[in-house]
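Colleague: Sequences listed follow chains A and B, in order. The opening residue of the first sequence carries number 1 in this note's numbering; numbering runs sequentially from there. The opening residue of the second sequence carries number 1 in this note's numbering; numbering runs sequentially from there.
Keep in mind that a hint or two might mislead.
Calculated cross-link-like contacts (lysine-lysine; reagent style BS3-like; alpha-carbon spacing at most 27 Å) [to be verified]:
1. A:K201 with A:K155
2. A:K57 with A:K107
3. A:K60 with A:K107
4. A:K201 with B:K26
5. A:K57 with B:K57
6. B:K166 with A:K201
7. B:K140 with A:K60
Examples of chain B residues toward chain A, derived with CB under 10 Å [stated by the list, open to error]:
8. Y16
9. I45
10. R70
11. T142
12. F170
In case anyone wonders, no lab produced these hints; they're calculated from the structure. All values derive from a computational prediction rather than experimental measurement. Built from N, CA and C at the ideal position, the CB exists for glycine as well.
There are 2 protein chains.
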Amino acid sequence: MSEGEIDFWFSTGSTYTYLAVSRLDKVAARAGVRFNWRPFSVRAIMREQNNIPFANKPIKSQYMWRDIARRAALYGLEARVPVPYPLQEFDLANRLALLGLAEGWGKPYIVASYRRWFVDGQEPGREPNLSASLAEVGQKVTDAVERASRDEVIKRYEAATDEARKLGIFGSPTFVVGGELFWGDDRLDDALSWLRHGSLKR
Amino acid sequence: MSEGEIDFWFSTGSTYTYLAVSRLDKVAARAGVRFNWRPFSVRAIMREQNNIPFANKPIKSQYMWRDIARRAALYGLEARVPVPYPLQEFDLANRLALLGLAEGWGKPYIVASYRRWFVDGQEPGREPNLSASLAEVGQKVTDAVERASRDEVIKRYEAATDEARKLGIFGSPTFVVGGELFWGDDRLDDALSWLRHGSLKR
């Protein structure tokens, strides 16, 4: 991370991350900030830490969907909640994100796959979302999935998860500014404030 | 709840609730809104729902303290974190809050007991916090604890918890505006916006 940059750690599969990926480019342009998109496996870390926010918690889950719907509207995003959760192809979705970011088609792919999830109810990493979102960024599904399944990508995914673990990250999205962690889409303003002032200001 | 009012459901013992109780009167005056302070047992509900946010989660807990410290500074509040957690006298602290609100000394008592917790590291509901915070609002500890331990107060505490349960409340603080739940000190702006516009606006 260098000056004017925020590390954006996320997993496709996190629900609130929809709000972050879908508005991050606009926020970056408006704030004059660069975000480094860092996919990792929040699922691996949450399992290690016995951190189970929604499974078998119907009341809290119901609130989560409502909260996301209200906040999506605030950001001008569609959200036909609830959507299928948790993802069946969580790791493939995130390895594709990692591959795409390295090859230059990552951001629009991630945003497109989230849009199909939250607007059309199609899970990222599975058909029909997979082919449609990859086609949208000019990628063939068979080739992209083959490349995303190579040892090299798997190792980079594990290394990213290990880096996140060492930083103390336990949830998605997490914004990191000079060693300070800001967890949750709702902490993006705090992260921007920290980058600018080294403290929270309104 | 009537027009211009927000129900403020909380438990003394919730960490983030420090940020809410300590600034709520200022927010009410600035926004021209009345908050109905409603103590309940978030602990009872969280146990029923197997909702364990921090126990045995050192990484997430560490983040929580840091997040509270940063946000306390934003609101001009002291917070010498971490503080003793969880509270040993959780129920007494909340029955005293309920009694005090009925008798007219509740709000300053709650704010004072939270201040001693977060600034001096003294748990609400136990000595020396108990006597000092009660004295600050003109109450004798023996008398107040006796009244807070009567069946009538215990029943009202259970009834409030049941009311919260039926509303779908699962955490503290929760702001309720016309049936819409807003969970967390960081959703206070959302609650105010909902009261004013029936939607989130910035």
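Colleague: Look at each hint and say if it fits the structure.
Modeller: Structure-based check of all given hints:
1. At most 27 Å may separate the alpha-carbon atoms for a hinted pair to count; K201 of chain A and K155 of chain A exceed this at roughly 39 Å.
2. Distance hint between K57 of chain A and K107 of chain A is unfulfilled; the C-alpha atoms sit about 32 Å from each other, more than 27 Å.
3. Distance restraint check for K60 of chain A and K107 of chain A: the Cα-Cα separation of roughly 30 Å exceeds the 27 Å cut-off, and the hinted pair is therefore not satisfied.
4. For the proposed pair K201 of chain A and K26 of chain B, the alpha carbon gap of about 18 Å is at most 27 Å, so the pair holds.
5. At most 27 Å may separate the alpha-carbon atoms for a hinted pair to count; K57 of chain A and K57 of chain B meet this at roughly 18 Å.
6. For the given pair, K166 of chain B sits about 37 Å from K201 of chain A by alpha-carbon distance, which is inconsistent with the 27 Å threshold.
7. Of the pairs offered as hints, the one joining K140 of chain B and K60 of chain A is violated, with about 39 Å between alpha carbons and a cut-off of 27 Å exceeded.
8. Violation of the interface hint for Y16 of chain B is found here, the shortest Cβ-Cβ separation to chain A being roughly 13 Å, above the 10 Å cut-off.
9. At its closest, the beta carbon of I45 of chain B sits 8 Å from a beta carbon of chain A; the interface hint therefore holds under the 10 Å criterion.
10. Checking R70 of chain B against chain A by beta carbon gives a least distance of about 5 Å; that is within 10 Å, so the hint holds.
11. Given hint, T142 of chain B at the interface with chain A, is violated; its Cβ is 39 Å from that chain's nearest Cβ, farther than 10 Å.
12. For F170 of chain B, the shortest C-beta to C-beta distance to chain A is roughly 5 Å, which falls under 10 Å, so the interface hint holds.
In this structure, the hints that do not hold are numbers 1, 2, 3, 6, 7, 8 and 11, in rising order.
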